[in-house]
Amino acid sequence: MSALRLLVIVAPLRLTVWILAVAAAAIIILIAIGVSRHLESVRADRRREQVRAEFGPLFSRFLQTRDPVRLADELRPAFRRMDAAHRPVAAVLITDMMSQASPSQKKQIRDALEEAGLVDLGHRGTRRRSPWRRALACEMLGKIGAARSVPVLLDRLGDRRPEVRMGAVQALGDLGSEEAVPALSHAFVERRVAPTDVVNDALRRIGGEAVTAFERGVVSPDPIVRISSCFGLSAIAEAASACVSRLAVVLDTDSDDRVRTAAASALGILGGDDAPAALRRASTDPDVHVRRSSVKALGSFDDPTNGQTLDRCTEDDDRETAIRAAEALLALARRPRAAPEARALLESSSAWAVEYAQTVAAVSA
Amino acid sequence: MIPVLQTISIGIFVFFVIYAVATLTLLAMSVREISWYSRGQGPNRPRHGLLARRPSVSLVTPAYNEETLIVQSAKAFLASDYDRLEVIVVDDGSKDETFAKLEQAFDLVSLPLRGRTVLPTAPIRSIHISRTEPRLRVVRKDNGGRSDAINAGISIARGELVVIVDADSLLEPEAITRAVVPFEVHPDQCMAVGGGIRVANGSKIVGGQVVTPGVGMRGVGATQVLEYLRGFYATRIAWSEMNGLLIISGAFGVFRRELLVALGGFSKATLGEDMEMTMRIHHFMRPQMKDAHVVFAPDAVCWTEAPGTMGGLRNQRVRWHTGLLDNLRMHWRMTGRPRFGAAGTFAMPYLVLFEATEPLVEVLGFAIVITLVILNAVNWTYVLAFFLIAAVTGEVLSATALLIEEIGFRRYKAMDLARLTAWGMLESIWFRPTLAWWRLKATGLTLMGRRPGWGVIPRGEAILEQPAQVVPPLTR
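Residue numbers (my numbering), protein chains in the order written: chain F, 105 to 469; chain V, 233 to 708.
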């Protein structure tokens with residue numbers, strides 16, 4: 105009992121002293137961090153203003169004179185004056201300006217920035233210790249759009265930080281260089297470098313050669329890659345028209361209903377002769393999502409034979425399939441070849457979904 | 233008897249030490265994550281803006297006797313910057329003029345009421361679409377409670393994602409766009425996203441939007457501002473990082489519609505249906521899909537009116553705690569089990585120990601102290617230790633919440649932060665013991681098999697649009 109009493113008296117005292125000491129230290133540290141962050145943000149605001157005050161007139165003059173050589177001459181000393189704290193602010197400012205510029209202005213600004221040494225600065229930035237600065241450098245290089253940045257950005261695909269890898273993927277998409285397609289294709293299929301849809305987005309912005317990546321992805325064992333590939337192909341429709349038959353096969357045979365759903369959506373966008381027949385078959389798919397995507401896609405073809413299928417689907421047990429079928433039938437009624445058949449079906453239909461779609465269409469019009 | 237009480241008191245003391253350590257660990261994780269967030273480099277935040285494929289979104293808002301706010305709220309929801317959006321207001325058998333106000337404001341026209349609904353609900357009377365705003369649907373149904381109303385909304389929703397928002401919530405225009413980003417970046421893994429909820433009491437509101445965040449002078453409202461900052465930004469960020477987030481607030485959450493349907497919709501068997509759904513997502517998805525994520529999006533902000541009186545606050549907290557106990561009972565099998573990931577191994581035990589049991593322990597601690605004082609056997613060292621640890625942990629928590637606010641968001645002015653700091657120092661004296669008592673009362677009600685009702689919380693005072701100041705005529 106005496107031991108317990110000792111514990112009762114001594115243990116709380118010592119623990120309390122320790123906990124209070126730790127808590128006091130924690131509070132002091134927190135306050136210190138808070139104050140320093142506040143001061144830092146005030147300084148950052150000031151830096152932003154300084155950089156804006158210095159760069160704003162330069163870019164305004166450039167927009168008036170359209171003289172990239174003069175812009176480069178003015179940028180060079182301005183950059184030289186800046187320290188390590190000001191440069192990221194300038195990078196963000198330039199990135200914003202590049203986003204707003206027209207294509208012809210972009211090219212001229214790019215030449216000026218290249219001339220002023222900003223691209224080299226960005227390349228060095230991709231190797232900075234701070235990951236957020238590396239990511240920012242990647243973003244800036246993507247916006248500047250210098251072709252020689254591609255190898256540097258490809259190298260960053262192996263960065264240990266996911267944010268930097270993602271920044272590099274997006275920057276490669278911005279650059280639109282086909283040189284990046286093999287590495288991005290690999291990243292797309294492997295799914296380790298960056299989220300699948302981020303790589304997909306970069307590939308579709310490159311277009312052209314990227315079709316091969318999506319074609320390979322359609323037969324990947326990973327259903328997520330197959331889904332993403334279907335959407336990728338649909339996004340670069342012109343280059344992918346040859347893939348329609350392959351997507352039709354996917355719609356008919358893939359074991360994963362999510363992949364079949366994506367294939368149906370993609371076929372609706374891509375069009376092509378093989379698509380309507382495959383979509384009509386898919387309108388009886390046991391999975392509701394496949395049926396929904398298929399009937400919606402059927403509305404985008406000017407094909408009179410789709411009318412009967414859609415009319416049947418307006419009675420589908422699934423509410424969304426029925427509504428989409430009715431909406432697709434209304435869409436057919438606006439197409440030259442399919443209109444007579446579709447209008448006749450709409451007039452004779454007693455399906456609630458048709459009334460629903462017509463009311464919504466009337467209100468929306 | 234005295235040695236027994238003293239032994240129990242040591243146990244309580246150890247309990248609070250463990251609580252302090254666990255909470256400080258969560259805080260450290262949140263601060264680290266928010267530092268990344270403040271640089272705009274978090275893993276779910278593509279700096280280039282949104283990706284090409286944006287999911288369609290249905291915003292569902294249940295409304296029961298919301299005639300004062302519903303038109304303002306619906307307009308504010310429709311003002312969202314998300315382009316693929318439909319707004320569904322579910323009038324859950326209101327006894328006031330909720331529907332009439334909507335009909336008058338939006339020129340509603342009936343839609344055919346057929347087709348099979350995907351979730352069972354109380355009878356739906358009619359569905360309407362607005363002539364002036366075709367993205368708006370209004371569902372009229374018999375009263376069935378909040379979950380039932382949400383389920384009716386989900387049944388007629390057509391979006392891939394469903395956003396659940398309270399009718400008295402003020403959604404920032406860019407909130408949906410921000411909350412959807414995790415679904416875009418991780419379409420295969422992200423199951424649900426919870427937005428950050430902030431207290432609107434004391435803020436300036438124009439056009440259904442918070443234009444100047446502020447902190448009111450009244451203690452109840454101001455302390456809740458701090459409490460929400462603590463709850464959402466000091467801990468949920470860490471739970472989200474660990475993929476152990478067990479609650480997406482009913483005031484603003486985004487879910488995959490198909491997932492909600494597959495799980496049978498929101499439960500009517502609990503008073504905490506928002507937490508229950510989040511737990512159910514972990515319970516059913518994690519064992520079969522390890523990557524399934526429930527994410528907290530701190531930059532997707534929704535403002536809510538907190539109860540402005542102690543009576544309203546009591547009703548709310550008793551209901552919340554009863555809901556928590558309901559949900560822990562329904563999903564107790566997850567507790568301590570690694571197959572549910574961090575949700576099972578860390579978050580559930582944390583909830584059981586420090587949310588469900590904590591009021592019991594806290595009140596027991598007070599009771600033992602009083603008993604020992606009466607028996608003249610009190611160990612003042614222990615008493616001091618007990619109170620200091622409880623108070624200091626709370627202070628560190630509050631200080632960190634304010635730090636996170638300052639690092640990541642900077643919404644409040646310096647004067648507001650000072651006011652929050654002051655209320656934070658005082659809350660250990662009045663706010664937390666009161667909450668502990670109410671939560672203990674909720675525990676008692678649950679053990680006796682009695683259930684609190686929703687009570688009446690006066691609404692609208694804090695978030696009704698403030699009339700523009702009358703400009704005096706020019707008189708020269």
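One should not assume that every hint holds.
Beyond 12 Å from chain V on every Cβ pair, some chain F residues (computed) [to be verified]:
#1 G138
#2 E218
#3 A298
#4 R396
#5 A443
#6 A465
Not everything, but these chain F residues come out facing chain V in the computed CB check (under 8 Å) [as the list claims (entries may be wrong)]:
#7 D171
#8 V173
#9 P299
Partner residues aside, some chain F positions facing chain V, computed with beta carbon under 7 Å [unchecked claim]:
#10 A130
#11 V139
#12 R141
#13 E144
#14 I328
#15 E459
#16 S468
Please keep in mind that the hints were generated in silico from the structure rather than gathered at the bench. Beta carbons: idealized from backbone N, C-alpha and C, even for Gly.
query: Okay, which hints does this one fail, numbers in order?
result: 1, 3, 4, 6, 7, 8, 11, 13
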